[in-house]
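J.: One letter stands for each residue in the lines below.
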Amino acid sequence: AQTVTQSQPEMSVQEAETVTLSCTYDTSENNYYLFWYKQPPSRQMILVIRQEAYKQQNATENRFSVNFQKAAKSFSLKISDSQLGDTAMYFCAFMKPNTGNQFYFGTGTSLTVIP
Amino acid sequence: DAGVTQSPTHLIKTRGQQVTLRCSPKSGHDTVSWYQQALGQGPQFIFQYYEEEERQRGNFPDRFSGHQFPNYSSELNVNALLLGDSALYLCASSWGGVANYGYTFGSGTRLTVV
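Here the protein sequences line up with chains E and G, keeping their order.
Numbering-wise (this note's numbering), the first sequence opens with residue 3 and increments by one.
Numbering-wise (this note's numbering), the second sequence opens with residue 18 and increments by one.
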């Protein structure tokens with residue numbers, strides 16, 4: 003079974019500073035996908051960044067980047083130059099391809115950006 | 018280009034009743050997945066519909082059932098509601114072939130069972 007663990011229930015960061023959210027996962031698979039999703043008060047899950055396990059290069063999307071350590075089964079999200087609009091719940095998620103493409107989500111980290 | 022639309026946005030039901038939630042997928046998507054998000058938790062996979070059939074199912078009892086229509090829209094039905102069914106129900110659509118890329122979530126239906 004796949005499990006995703008987010009050990010930081012709540013975090014805060016000053017506007018314009020950098021923050022890192024942690025995520026670990028457990029799987030016996032070699033090929034899979036990892037994601038970070040943002041859920042603002044509007045409740046819609048919004049894709050922040052994705053990583054294919056077979057790629058050694060860490061994914062980046064503007065101010066968002068990941069540190070993917072496959073051997074350690076770790077997948078942290080770094081947010082640079084934090085903005086007030088980054089305030090939201092952040093969920094780490096795992097997907098095993100070709101099995102209905104279902105997500106396995108962590109319990110989330112509530113991030114507050116302080117002005 | 019419309020995204021995923023869910024209705025209703027909020028719903029209050031009494032224990033033992035039945036409820037139907039609805040989802041219209043994003044234009045061009047043919048696959049619909051349903052997730053249950055309890056308060057303070059991450060979403061949990063209920064099931065996925067593709068070509069009007071249930072393709073994959075999570076660890077949910079048979080009280081949870083669904084349907085997909087020829088226009089790809091979908092319904093989630095929950096019978097004999099329990100207090101523990103209170104949650105945000107999220108629908109996500111994708112295209113059958115590349116679901117890991119094209120997943121789009123709706124804003125959910127907040128179900129409260131009293």
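No lab work stands behind these hints: they were computed from the structure.
The structure displayed is predicted, hence computed values, not measured ones.
Idealized CB from N, CA, C, for every residue including glycine.
Certain hints may be false.
As the list claims (entries may be wrong) - What follows is a set of in silico ranges between Cβ atoms, one per label pair, in the way DEER data are often shown: (1) 35/G with 85/E: 41 to 49 angstroms; (2) 69/E with 55/G: 27 to 35 angstroms; (3) 82/E with 101/G: 37 to 45 angstroms; (4) 87/G with 17/E: 47 to 55 angstroms; (5) 66/E with 74/G: 41 to 49 angstroms; (6) 96/G with 12/E: 30 to 38 angstroms; (7) 45/G with 69/E: 42 to 50 angstroms; (8) 101/G with 116/E: 29 to 37 angstroms; (9) 75/E with 55/G: 23 to 31 angstroms; (10) 117/E with 56/G: 22 to 30 angstroms; (11) 127/G with 86/E: 37 to 45 angstroms.
Stated by the list, open to error - Pulled from the structure, derived: some chain G residues nowhere near chain E, Cβ distances all over 10 angstroms: (12) 29; (13) 36; (14) 50; (15) 61; (16) 68; (17) 79; (18) 80; (19) 94; (20) 99; (21) 111; (22) 123; (23) 124.
J.: Among the hints numbered above, which are violated by the structure, and what are their numbers in rising order?
T.: Result: hints 5, 7, 11, 14, 15, 21, 22 and 23 break, sorted rising.
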